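J.: We have chain A; now place chains B and C onto it with these hints.
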Amino acid sequence: MEVSPEKAHTAVPVKKKKSFWKTALDQKLLYLMSIPFVIWVFVFNYLPVWGWTMAFQNFRPGRAFTEQEWVGLTHFINLFQDDYFYLVLRNTVAMSVMLLVAGFTIPIIFAVLLNEVRHSLFKRSVQTISYLPHFVSWVVVAGIVTKMLSTDGGIVNDILMALNIVDSPVQFMSKEKWFWWIVTFSDVWKEMGWNSIIFLAAMAGIDPQLYEAAKVDGAGRWRRIWHITLPGIRPTMMVILILSIGGMISIGFERQLLLGNSLVKEYSDVLELYALNYGIGLGRYSYGTAIGIFNSIVSIVLLLLANGIFKRFTKTSVM
Amino acid sequence: MKHWFGKLLGIFLVLSLMVALAACGGDEDSSKQEEKDSDSMASDDDSLEPITFTMFSADTNPSWDGMNSAVGQAIQEATGVTLEADFAIGDPKERIALMAAGGEYPDFILPKGDGDLLVDAGAMLDLTDLIEEHAPNIKAMYGDYLKRMRWSEDDHSIYFLATAGVDEEYWSPGTGFWLQHAVVEELGYPEINTVEDFENAIRTYYEKHPEIDGQPTIPLTLNADDWRMLISVTNPAVFATGGSDDGEWVVDFETQEATLHYRRPEEREYFRWLNHLNAEGLLDPEAFVQQYDQYVAKISSGRVLGLIDADWHIADAQTALREDGKYERMYGVYPATLTKDYKFATFQSSGYLAGWGIGISVNNPDPVRAIKFLDWMASDEAQILHNWGVEGEHYTIEDGKRVISPEEMEKRLSDTEYNKRTGIEVFRAYGPNWGDGVLDPSGQTYTINTPDQIKENYTEKEKEVLANYGVEMWKDLYPSADEFPVKPWGAAWQINWESDSDIALKFQRAQDTMYRRIPEAILAKPEDFDKVYDTFMDDLDKIGVEKMEADFNELLQAKIRLWND
Amino acid sequence: MAKRAKLSKTNLNERLFDIFNYTLMILVIVITLYPFLNVLALSLNESTDTVRGGIYIWPREFTLDNYAVILQYDTLITGFTNSVLRTVIGTVLGVFVCSMIAYTLSRKDFQARKFVSTVIVLTMFFSGGLIPTYMLIRDLGLINSFAVYILPGLVSAWNIIIIRSFMDGLPFALQESAKIDGANDFTIYWKIILPICKPVLATIALFIAVSQWNAWFDTYIYNSTNPALTTLQYELMKILQNTTTSTSGGIDSVRGQGLELMKRVSPESVRMAITIVTVVPILLVYPFLQRYFVKGMTLGAVK
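Protein chains in written order, with UniProt numbering: chain A, 1 to 319; chain B, 1 to 565; chain C, 1 to 303.
Bound conformation, chain A alone (with noise of 0.2 Å):
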């Protein structure tokens, strides 16, 4: 029990305030809440981080850490240096734009609509069919999205041909500028529910006097949307949009991989990929990880922009 207060004392910034160690030891229960946990993340998260040192050598399993060939900043210089780094890199943000976007504002849209439902079985039973495709693997749905995009009786052609609007089916799946949209729509379908699960539990949260009151009011539908339900959910809207924006750069590529065919590689191939087949795959260890840290860099800088912007002008941010 007192190991805790004794380390958070060292780790917290000493400023010099006036009154620090009796705040401090008003807040004892604050830090024995909290420090543990600060040292808990130090063990599982920060101290594999020595493992980017793999970054600068030429790193072979089963060699001790002395044994390690160190090359520099060679792997970095390579990784900048490779003209398909930089095609993938354009996919990747490409596509995270595009999903950041889609894959933001329609789950929340869904989540308002939903929760202007009032028929409470209906409302529920929406929610549950809606999160369903979250379960089910890129692999099924890749497979779906292909089949119905086909044009040996796919549906979509299908239904374009009986409407004339094509009179030969489109081969959707070999285009390559059409192959960003197709993994936004994907996408969409199968996460919309589960991401809009998050808001609609913020929603909950809003007091519904306030729902009644601007009833009184006479305010409609939308003007209660606007007003109360879209401010209700907006720390939370704020807080997964900046960590969304962290995250643009690791976008992962089950979905690229198994939407794209060699006739859309590309446009399809992203930067996990690339770390994979020429990292890890090869058995480039170092090279992997040179790829991590520039990724984790770009990651932390994108945080930190989106959280400092959104400080400044909305008063939310996450740190």
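No wet-lab data here; the hints were simulated from the structure. Some clues are possibly wrong.
Claimed, not checked - Think about it this way: if two alpha-carbon atoms lie no more than 30 Å apart in a straight line, the pair counts; the simulated DSS-like pairs of lysine-lysine are:
#: 1; chain 1: C; residue 1: Lys-114; chain 2: A; residue 2: Lys-22
#: 2; chain 1: C; residue 1: Lys-179; chain 2: A; residue 2: Lys-177
#: 3; chain 1: A; residue 1: Lys-311; chain 2: C; residue 2: Lys-179
#: 4; chain 1: B; residue 1: Lys-401; chain 2: B; residue 2: Lys-208
#: 5; chain 1: C; residue 1: Lys-108; chain 2: A; residue 2: Lys-315
#: 6; chain 1: A; residue 1: Lys-315; chain 2: C; residue 2: Lys-179
#: 7; chain 1: B; residue 1: Lys-455; chain 2: B; residue 2: Lys-340
#: 8; chain 1: B; residue 1: Lys-343; chain 2: B; residue 2: Lys-461
#: 9; chain 1: C; residue 1: Lys-198; chain 2: C; residue 2: Lys-108
#: 10; chain 1: B; residue 1: Lys-525; chain 2: A; residue 2: Lys-177
#: 11; chain 1: B; residue 1: Lys-547; chain 2: B; residue 2: Lys-559
#: 12; chain 1: C; residue 1: Lys-108; chain 2: A; residue 2: Lys-311
#: 13; chain 1: B; residue 1: Lys-547; chain 2: B; residue 2: Lys-487
#: 14; chain 1: A; residue 1: Lys-315; chain 2: C; residue 2: Lys-114
#: 15; chain 1: A; residue 1: Lys-177; chain 2: B; residue 2: Lys-542
#: 16; chain 1: C; residue 1: Lys-108; chain 2: A; residue 2: Lys-28
#: 17; chain 1: C; residue 1: Lys-198; chain 2: A; residue 2: Lys-311
#: 18; chain 1: A; residue 1: Lys-315; chain 2: C; residue 2: Lys-198
#: 19; chain 1: B; residue 1: Lys-542; chain 2: A; residue 2: Lys-175
#: 20; chain 1: A; residue 1: Lys-22; chain 2: C; residue 2: Lys-191
#: 21; chain 1: B; residue 1: Lys-525; chain 2: A; residue 2: Lys-175
#: 22; chain 1: A; residue 1: Lys-315; chain 2: C; residue 2: Lys-191
#: 23; chain 1: A; residue 1: Lys-123; chain 2: C; residue 2: Lys-198
#: 24; chain 1: A; residue 1: Lys-175; chain 2: B; residue 2: Lys-531
#: 25; chain 1: C; residue 1: Lys-108; chain 2: A; residue 2: Lys-22
#: 26; chain 1: A; residue 1: Lys-311; chain 2: A; residue 2: Lys-28
#: 27; chain 1: A; residue 1: Lys-28; chain 2: C; residue 2: Lys-191
#: 28; chain 1: B; residue 1: Lys-525; chain 2: B; residue 2: Lys-542
#: 29; chain 1: C; residue 1: Lys-108; chain 2: A; residue 2: Lys-215
#: 30; chain 1: C; residue 1: Lys-114; chain 2: A; residue 2: Lys-28
None of the values given here were measured: they were computed from a predicted structure.
T.: Below, chains B and C alone, put in the same frame as chain A:
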């Protein structure tokens, strides 16, 4: 030091959590620890004392059920050994790297292509002396092939015992140009020797039958979902131009020099031919977009006339057609080549492929016991047990011959869980074993596969087609193994480079380029084909493909020297 | 008169809105139900028939064989028990720890607030990589232990931030009055804050439960040699193991053993049955949590 520090921190963390929990009256159990019991260290000669060996395999084995099956029990009885297996999920490299980094190795390891990480980390025992002293069966089975298992020119240690079937005979071509029986029947069984013959067959039939069962006919489709493209699109280019399967390489027999196979001018012509098919509307427009299950579904519908693929890719579809009774929509396989000057070389022998196998790690508590176990696995007793099962239960002996009753055989063929329940063919992969066609001292084959069994499995339609071509089996249409010299390097795809070497990187780049450019070339307008292919070649040059080939050739030469000295 | 006109106009608008909204929601149901129904139909279809394609929301040749294939693995029982245990323990501890930290961060007067939140938030955006993490877990003696399922991911930055953002929306007066009544910080958190945070806690519980339930990689990396510690997802991954997971470079493992390999790939219908087996138990958790955030918590009632 680090270890100690870590332990302390761990204890601290657990304690602080418990304190925090106690403080707020929570009553959750935070953790439960279970310690693995350690194995006994005893090693007596020929002891049958129970011992447990752990094993890691880079390949999964869904039929694995520990030692519970009849065959598993028999193994335990005969050797006292219990195997505890752990299988890779996804890329085995991941686990192997962790083992190497942490220095914690299971007793047996089958790392496939990633053995270098283990050898480099000093994880594997040299088996040479152990084999010499304790393993007569292994020596008898491998004979001269043991030489092929030596690690490298600098290090003649044997770390892994190959698990490929020794002296295996092949009775199925495996790959080629497939045509529906209906197509060749209608055209009066034309000779299919060149890709042109193949094209003419599908074209003529397609013109007569633009629809099959009310749906549009697909003259030819390809299987290009991710890596499957290598099997159905690029490998056939090698076969059609006289090469045998060396992965992405082709090795000139005279000079013994390897090149990336699509760099050969004749393969450009093969892809030009595919390009021409596409321009003529004979190639499925979805060939490079469809996923594997769509491909299989199309074939199963019976409206795809021709295929270029390996047999195992279309096996499910053929089964579906067979169950539907659409026997004329099933496929025969033909050795078409680009021109008459090439011979389809899929039967060319690689000699014994000794690249991948099972090794004993330095952590093995009893290496002598371990090698004796592997030696037992190579014995006649074990080989018959692995393939035929337990006498009296899965087969009987009549007139000195092993006989599997028709009922048992039926179960064996139709019950998908047969192997899991009985253990038959489950343990074979974890030790040396004989290939198909090899005879035991009684004159019967060790495995139960025979040419007769394959023939029995043909449909009437298939037999009719074969009869019209004047042969008994599909393999008879192909040039046989004795028409080709044995490849002294084995198979080039089994030549592993160091995982973080320059070749590895360039090879990956070349692959990435190939995946993009070859489909692009095939789908280009015919007049643009050369332009695209030239770009492809330029791209490869920029990657430094010459250097990569030179590096690879050094490895190849080293292997040839090592295997043939 | 004017007032009535206005009222009926509002009513009309409301009605139109409702019609539009309900139509849209029905559309959402149809669209989002499809993938799941598709998986269900495939899992109930005869597996050799499945390769013919064309199964949408109804099996063509009904069978339960695919489920029988999965359920005969007796390791599943141990796996199921462990999965339930880790989900329950992981969720309870996770919600407790994350909400407690979140509470300290929501206290604007807390001295170490900035420090704690920075240290924790940053963990979201870097990782030491697989090898160092493995070595750490090994040095902590957590290999082959149940604890490895719970401890490493216990403090989740994302969850903490979400809970905190919810707490930030609560009126501070609530705490002040408690403080005056002499309650200590932990009591305020436990007795006052937690009860009104139910919606967000339910959400976080769902997130943790789902990720605990779905996790298999930690079993594979740390505990695969100990059958007593296996989890359902890991056992199913072993059956599920299929060739689509191999990206480039995996091809050589296919060569020369194609037929062998095909034997190892479970048929599509079996894979779909596995999906259903893994998803259904966790779906059952949802309705229990759902009432906390659909009904709407009456914050006012607490006041």
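J.: Hint by hint, note whether the structure agrees.
T.: Okay, the hints, checked on the actual structure:
1. Of the pairs offered as hints, the one joining C/Lys-114 and A/Lys-22 holds, with about 19 Å between alpha carbons and a cut-off of 30 Å not exceeded.
2. With a C-alpha separation of about 60 Å, the suggested pairing of C/Lys-179 with A/Lys-177 is violated against the 30 Å cut-off.
3. Distance hint between A/Lys-311 and C/Lys-179 is fulfilled; the C-alpha atoms sit about 29 Å from each other, no more than 30 Å.
4. Distance check on the hinted pair: B/Lys-401 and B/Lys-208 sit about 53 Å apart at the alpha-carbon level, beyond 30 Å; violated.
5. Pair hint C/Lys-108 plus A/Lys-315 holds up; C-alpha atoms about 13 Å apart against a cutoff of 30 Å.
6. For the given pair, A/Lys-315 sits about 26 Å from C/Lys-179 by alpha-carbon distance, which is consistent with the 30 Å threshold.
7. Of the pairs offered as hints, the one joining B/Lys-455 and B/Lys-340 holds, with about 29 Å between alpha carbons and a cut-off of 30 Å not exceeded.
8. Among the hinted pairs, B/Lys-343 with B/Lys-461 is consistent with the structure: their alpha-carbon atoms are about 27 Å apart, no more than 30 Å.
9. For a cut-off of 30 Å, the pair hint linking C/Lys-198 to C/Lys-108 stands: about 21 Å separates their Cα positions.
10. Distance check on the hinted pair: B/Lys-525 and A/Lys-177 sit about 20 Å apart at the alpha-carbon level, within 30 Å; holds.
11. Between B/Lys-547 and B/Lys-559, the direct Cα distance comes to roughly 19 Å. Compliance with the 30 Å bound is thereby established for this hinted pair.
12. For the proposed pair C/Lys-108 and A/Lys-311, the alpha carbon gap of about 15 Å is at most 30 Å, so the pair holds.
13. With a C-alpha separation of about 24 Å, the suggested pairing of B/Lys-547 with B/Lys-487 holds against the 30 Å cut-off.
14. For the suggested pair A/Lys-315 and C/Lys-114, the alpha carbons sit about 15 Å apart, so the restraint of at most 30 Å is met.
15. Taking the CA atoms of A/Lys-177 and B/Lys-542, the gap is near 27 Å; set against the 30 Å cutoff, the hint holds.
16. For the given pair, C/Lys-108 sits about 15 Å from A/Lys-28 by alpha-carbon distance, which is consistent with the 30 Å threshold.
17. With a C-alpha separation of about 27 Å, the suggested pair C/Lys-198 and A/Lys-311 falls inside the 30 Å cut-off, and the hint holds.
18. With a CA separation close to 25 Å, the supplied pair A/Lys-315 and C/Lys-198 stays within the 30 Å bound.
19. Annotation: proposed proximity of B/Lys-542 to A/Lys-175 holds, straight-line Cα distance about 27 Å (limit 30 Å).
20. In summary, the hint linking A/Lys-22 to C/Lys-191 is supported, as the alpha carbons are separated by about 25 Å, within the 30 Å threshold.
21. Distance check on the hinted pair: B/Lys-525 and A/Lys-175 sit about 16 Å apart at the alpha-carbon level, within 30 Å; holds.
22. Restraint check for A/Lys-315 and C/Lys-191: satisfied, since their Cα atoms lie roughly 28 Å apart, inside the 30 Å limit.
23. About 19 Å separates the Cα atoms of A/Lys-123 and C/Lys-198, which keeps this hinted pair within 30 Å; it holds.
24. For the proposed pair A/Lys-175 and B/Lys-531, the alpha carbon gap of about 21 Å is at most 30 Å, so the pair holds.
25. Annotation: proposed proximity of C/Lys-108 to A/Lys-22 holds, straight-line Cα distance about 17 Å (limit 30 Å).
26. Taken as a hint, the A/Lys-311 and A/Lys-28 pair is honoured in the structure, with Cα atoms around 28 Å apart against an allowance of 30 Å.
27. Taking the CA atoms of A/Lys-28 and C/Lys-191, the gap is about 18 Å. The hint holds against a cut of 30 Å.
28. A C-alpha spacing of about 25 Å is found between B/Lys-525 and B/Lys-542, which places the hinted pair at or below 30 Å, so the restraint holds.
29. Of the supplied pair hints, the one linking C/Lys-108 and A/Lys-215 is violated, its CA atoms being roughly 34 Å apart against a limit of 30 Å.
30. A C-alpha spacing of about 16 Å is found between C/Lys-114 and A/Lys-28, which places the hinted pair at or below 30 Å, so the restraint holds.
In this structure, the earlier hints numbered 2, 4 and 29 are contradicted, and the remaining ones agree with it.
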